[in-house]
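Q: Construct the complete structure from the given sequences, taking the supplied hints into account.
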Amino acid sequence: MKTISFIPFFLAISGAIPVHETQKRDPGWEAPFDAVTMRVMRKNPSREEYLQAYQSRFWIGGKPSTTCPDNQCSEMDETVLNGGKMDSLSVGVDGGQRIYLDADGALRYTSPSDPVMPPGACMANLNYAYDWVFVPNQPGTWWWACPNSEIRKDYYQLFAPFKNITVPGIEDPSTSCYRADVAGFEYKGTLPATYVYN
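Numbering (mature numbering (1 follows the signal peptide of the UniProt record, and there is no 0)), first residue to last: -16 to -1, 1 to 182.
Be aware that one or more of the hints could be misleading.
[Claimed, not checked] Pair ranges (Cβ atoms, derived):
id, residue 1, residue 2, range
1, Pro152, Ser95, 18 to 26 Å
2, Arg31, Asn55, 32 to 40 Å
3, Pro53, Pro16, 16 to 24 Å
4, Ala113, Lys27, 33 to 41 Å
5, Ser95, Thr174, 42 to 50 Å
6, Asp156, Pro53, 42 to 50 Å
7, Asn55, Thr159, 40 to 48 Å
8, Met25, Thr51, 25 to 33 Å
9, Pro152, Pro103, 15 to 23 Å
10, Lys27, Thr51, 31 to 39 Å
11, Gln39, Thr174, 22 to 30 Å
12, Pro53, Val100, 17 to 25 Å
13, Trp126, Asp54, 12 to 20 Å
14, Pro120, Asp54, 34 to 42 Å
The set of hints was computed from the structure by calculation and includes no laboratory data. Note that the Cβ used here is the ideal one computed from N, Cα and C, for glycine as well.
A: The structure is reproduced here in structure tokens:
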């Protein structure tokens, strides 16, 4: 397996990591909803699939992994983010679950049992504009969608659109992955959407 080094200087600091200038959210580019679901839009073939939270990562299609103790909330078929800054999942668990980019470029979320982001990670600071959800200050609004069978077979995982990302078993994302466009839609169900995403 060959991995591609992904340590831009703004991710190379461990512990509490300040947001670098290139990662700051553009002013006013926040989702104008209380809660948001995200879908990956594909042109060929033409279809759209929900972006789902599963094992601390975001995947295209399938169902999210949720826990709802004592039947106090519903099991979800969708992954729901808090609106506005879109920096956390819509959950009832104490401490919440933050959304971040890890050192490999993957879009991920924290566990309530360990709310600290891992070394080399930074807040994703997602932008929302004209229905699209994207990483600020990148060339375009697309993402990488890459297979990661070591963690979840037959599904594609979402990565930031950086030139160098690390995906197990993939040497060149431009040949093994595809460019994914992610759209945000208002979620009108009960909030918080679920108790916790696993």
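Q: With reference to the structure, classify each hint as holding or not holding.
A: Here is what the structure says about each hint:
{"no.": "1", "hint": "Pro152 with Ser95: 18 to 26 Å", "in the structure": "21 Å, holds"}
{"no.": "2", "hint": "Arg31 with Asn55: 32 to 40 Å", "in the structure": "34 Å, holds"}
{"no.": "3", "hint": "Pro53 with Pro16: 16 to 24 Å", "in the structure": "32 Å, violated"}
{"no.": "4", "hint": "Ala113 with Lys27: 33 to 41 Å", "in the structure": "20 Å, violated"}
{"no.": "5", "hint": "Ser95 with Thr174: 42 to 50 Å", "in the structure": "23 Å, violated"}
{"no.": "6", "hint": "Asp156 with Pro53: 42 to 50 Å", "in the structure": "44 Å, holds"}
{"no.": "7", "hint": "Asn55 with Thr159: 40 to 48 Å", "in the structure": "47 Å, holds"}
{"no.": "8", "hint": "Met25 with Thr51: 25 to 33 Å", "in the structure": "29 Å, holds"}
{"no.": "9", "hint": "Pro152 with Pro103: 15 to 23 Å", "in the structure": "19 Å, holds"}
{"no.": "10", "hint": "Lys27 with Thr51: 31 to 39 Å", "in the structure": "35 Å, holds"}
{"no.": "11", "hint": "Gln39 with Thr174: 22 to 30 Å", "in the structure": "25 Å, holds"}
{"no.": "12", "hint": "Pro53 with Val100: 17 to 25 Å", "in the structure": "23 Å, holds"}
{"no.": "13", "hint": "Trp126 with Asp54: 12 to 20 Å", "in the structure": "41 Å, violated"}
{"no.": "14", "hint": "Pro120 with Asp54: 34 to 42 Å", "in the structure": "40 Å, holds"}
Going down the numbered hints, you'll see the structure goes against 3, 4, 5, 13, while the others check out.
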